[in-house]
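Engineer: Spelled out from the first residue to the last, the chains are:
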Amino acid sequence: MTVHRPAAPRPSWRQRARDPGWGLLFVLPMLVLFVIFRYVPSLGAVGMSFTDYRLSGEFTFIGAENYERLFSDDLFVDSLRVTLLYALIYVPLTLVVSLATATMLHHVVRGRGLFRGLLFLPYVTSFVMAGIIWTWIYQSDGLINGLLERVGLGPAPFLTGNQAMVLGSLAVVSVWKSFGYSMLILLAGLKNIPGDVMEAATLDGAGAWGKFRRITLPLLKPVVFFVVVIETIAAFQVFDTIYVMTGGGPARASYGLVYMLYDQGFRFFDFGYAATIGVVLFFVVFLISLVQRYVLDRENT
Amino acid sequence: MTTLTAPPAPTQAGASSGHRRRRRRTGANIWLTVLLVLASVLTVVPFVAVFVLALSPDGAQTIPDQLPDEVTLDNLSAVLSASSFLRWTLNSFVYSIVSVVVILLTAAMAGYAFARKRFPGSNALMWSFLATLMVPIQATLIPMFVLVSRLDGVNTFWGLIVPTLANSQAVFLMRQFIKGLPDDLFDAAKIDGAGEWTVFWRLVLPLTKPVLATLGIFVFLWHWNDFLWPLVIAQTDEMRTLTVGLSTLNAESVARARIMASAAISVIPCLVIFGVLQRYLVNSIATSGLKG
Chain R
0 MTVHRPAAPR PSWRQRARDP GWGLLFVLPM LVLFVIFRYV PSLGAVGMSF
50 TDYRLSGEFT FIGAENYERL FSDDLFVDSL RVTLLYALIY VPLTLVVSLA
100 TATMLHHVVR GRGLFRGLLF LPYVTSFVMA GIIWTWIYQS DGLINGLLER
150 VGLGPAPFLT GNQAMVLGSL AVVSVWKSFG YSMLILLAGL KNIPGDVMEA
200 ATLDGAGAWG KFRRITLPLL KPVVFFVVVI ETIAAFQVFD TIYVMTGGGP
250 ARASYGLVYM LYDQGFRFFD FGYAATIGVV LFFVVFLISL VQRYVLDREN
300 T
Chain U
0 MTTLTAPPAP TQAGASSGHR RRRRRTGANI WLTVLLVLAS VLTVVPFVAV
50 FVLALSPDGA QTIPDQLPDE VTLDNLSAVL SASSFLRWTL NSFVYSIVSV
100 VVILLTAAMA GYAFARKRFP GSNALMWSFL ATLMVPIQAT LIPMFVLVSR
150 LDGVNTFWGL IVPTLANSQA VFLMRQFIKG LPDDLFDAAK IDGAGEWTVF
200 WRLVLPLTKP VLATLGIFVF LWHWNDFLWP LVIAQTDEMR TLTVGLSTLN
250 AESVARARIM ASAAISVIPC LVIFGVLQRY LVNSIATSGL KG
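Protein chains in written order, with numbering that gives the first Met the number 0: chain R, 0 to 300; chain U, 0 to 291.
Hints listed in this document are in silico derivations from the structure and should not be mistaken for laboratory results. Be careful, since some hints might not be right.
[What the hints assert, rightly or not] Below, computed lysine to any residue pairings styled on SDA-like, alpha-carbon distance capped at 25 Å:
1. R/Lys190 to U/Ala285
2. R/Lys190 to R/Ile229
3. U/Lys208 to R/Ser288
4. U/Lys208 to R/Leu30
5. R/Lys190 to U/Gln277
6. R/Lys190 to R/Val227
7. R/Lys190 to U/Val198
8. R/Lys220 to U/Phe273
9. U/Lys208 to R/Val227
10. R/Lys190 to U/Ser252
11. R/Lys220 to R/Ser288
12. R/Lys210 to U/Val33
13. R/Lys190 to U/Arg278
14. R/Lys190 to U/Gln175
15. U/Lys208 to R/Ile184
16. R/Lys190 to U/Ala27
17. R/Lys220 to R/Tyr293
18. R/Lys190 to U/Phe199
19. U/Lys178 to R/Pro91
20. R/Lys190 to U/Phe273
21. U/Lys178 to R/Ala187
22. R/Lys190 to U/Thr131
23. R/Lys220 to R/Leu27
[What the hints assert, rightly or not] Stretches of chain R that chain U covers, calculated by requiring three or more beta carbons in the stretch to come under 8 Å of a beta carbon on chain U:
24. 162 to 170
25. 174 to 186
26. 251 to 264
27. 274 to 288
[Claimed, not checked] Under 8 Å between C-beta atoms, here's a sample of chain R residues computed to sit facing chain U:
28. Trp21
29. Pro28
30. Met47
31. Thr50
Please read all numbers here as calculations on a predicted model, not as lab measurements. We put the beta carbon where it would ideally sit given N, CA and C, even for glycine.
Isolated chain R, as found in the complex (with noise of 0.2 Å):
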């Protein structure tokens, strides 16, 4: 194909997309796609919350029964226990190994390229994949508590002890498998910091940590701050690691609220009641989201 460079003044916008069928024409297979496996499922959630929706496609409207009965089920209230509490563990600890881990590849003078590369290779793996190996890491007889016995410590029950126990060795495992995203979007906030400032502060006497404190942590605060929003969406929507290495338990100390949605919805066929958990997610990642845009305008004005 021949590409000329047009002599005469280049045709207008308008003039070169006069034809507006064209454009719907490229959009359509997406759109159509969009339409029925996005907007109509995300109605339909909507919908089917106010329904008795059973497996044979039975069902009668029922108002807002399913919610009246979710608020005081007390299964739900535990599962958003369990959720806050692991997205309160699993947060503030991803945040701070990968804020660590970028913030030490950002200084290290040689080599940052291998261990960008290694400190990142859990991130392509699955949970599935990442809650085999960790089941077995955490077993009486599995890596962790072998290297507790050769010091005389006896097994610690990482996935079968207390709550706080079971969730925290969940996180762990989620930490683990994905904190090589964040550790790459801090680290590229880092490299946008001036250098010049942080030459200013090393020639005014500044140490390592009075820097890290007073220059880098006020410039990356936003960034900062959308690893903090999109982790902490993440840790609401928990469910691979919990379904293979606990099953949601013991005695339901690890039933979030995605393992609840599926539970209801796949091993009760309870359809509406399923669907309208799917609604609460919603709202609650919406929640999160809003308080997001909240914080970032008013950083802004």
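Dock chain U against the given chain R, drawing on the hints supplied.
Structural biologist: Okay, now just chain U, sitting in the frame of chain R:
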């Protein structure tokens, strides 16, 4: 975290203090490297463990400082000769590769239209695509399942694949990239009398190769590692993907060495992609914020 140093930059401080600082910085750099080695080892150990366990006889005592006495390929060959494992692997490849091809094509088309065409409601449409990012996949899991099962899509490839193709991140990424291409190229093609399809096939697709490659890697990884949707839609053993199959092995308390061998094989495509295309992956996260 007291070992942080400033990025290496020429300092204008006096010679003597500069000398002292340089020595301190070298010391700090050693600490930094030691910490990074430690962090990297901790990160990689679980991978090494999978492969060690996969290559050990079942029931062998495998504690970190004690490699197994004998190496065996029995587990790997047992897994590879199990027909369901091969079937799951095939399913995962079909799920991932068909999704990559269709998403790249439809997202490039939609991105091209949003970037270069004006049609009524194009902006509203773009925003309505992006708005679906706010709706977590889990929130619409039940109605999606009901929809697909009413269309008889449970335990079929189309039921597995098609609902996952509506991908707004892909469309948005393509739109941004195509918007950044020089206008002149499109003008010239028009003046040469190229038709709409010719422009798309001969101009847009070749020019977007780098971003298509990046997007392709991500779409592959998203689908290869996907779990919840295949879990509910692939209910028979022969429709399962690798992630779902692995989780059933885990639940059925199959011998540990067999599970680890399966897990090891399942992660190999991801490791290959990572090994070959690491730079692509890393750079695209930093610049476009693509997220799995």
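Engineer: All hints are to be evaluated individually against the structure, with a verdict given for each.
Structural biologist: Verification of the supplied hints:
| no. | hint | in the structure |
| --- | --- | --- |
| 1 | R/Lys190 to U/Ala285 | 10 Å, holds |
| 2 | R/Lys190 to R/Ile229 | 21 Å, holds |
| 3 | U/Lys208 to R/Ser288 | 33 Å, violated |
| 4 | U/Lys208 to R/Leu30 | 23 Å, holds |
| 5 | R/Lys190 to U/Gln277 | 19 Å, holds |
| 6 | R/Lys190 to R/Val227 | 19 Å, holds |
| 7 | R/Lys190 to U/Val198 | 38 Å, violated |
| 8 | R/Lys220 to U/Phe273 | 30 Å, violated |
| 9 | U/Lys208 to R/Val227 | 33 Å, violated |
| 10 | R/Lys190 to U/Ser252 | 47 Å, violated |
| 11 | R/Lys220 to R/Ser288 | 17 Å, holds |
| 12 | R/Lys210 to U/Val33 | 22 Å, holds |
| 13 | R/Lys190 to U/Arg278 | 17 Å, holds |
| 14 | R/Lys190 to U/Gln175 | 23 Å, holds |
| 15 | U/Lys208 to R/Ile184 | 24 Å, holds |
| 16 | R/Lys190 to U/Ala27 | 20 Å, holds |
| 17 | R/Lys220 to R/Tyr293 | 15 Å, holds |
| 18 | R/Lys190 to U/Phe199 | 36 Å, violated |
| 19 | U/Lys178 to R/Pro91 | 38 Å, violated |
| 20 | R/Lys190 to U/Phe273 | 23 Å, holds |
| 21 | U/Lys178 to R/Ala187 | 23 Å, holds |
| 22 | R/Lys190 to U/Thr131 | 31 Å, violated |
| 23 | R/Lys220 to R/Leu27 | 40 Å, violated |
| 24 | 162 to 170 | violated (count 0) |
| 25 | 174 to 186 | holds (count 5) |
| 26 | 251 to 264 | holds (count 4) |
| 27 | 274 to 288 | holds (count 8) |
| 28 | Trp21 | 5 Å, holds |
| 29 | Pro28 | 4 Å, holds |
| 30 | Met47 | 6 Å, holds |
| 31 | Thr50 | 11 Å, violated |
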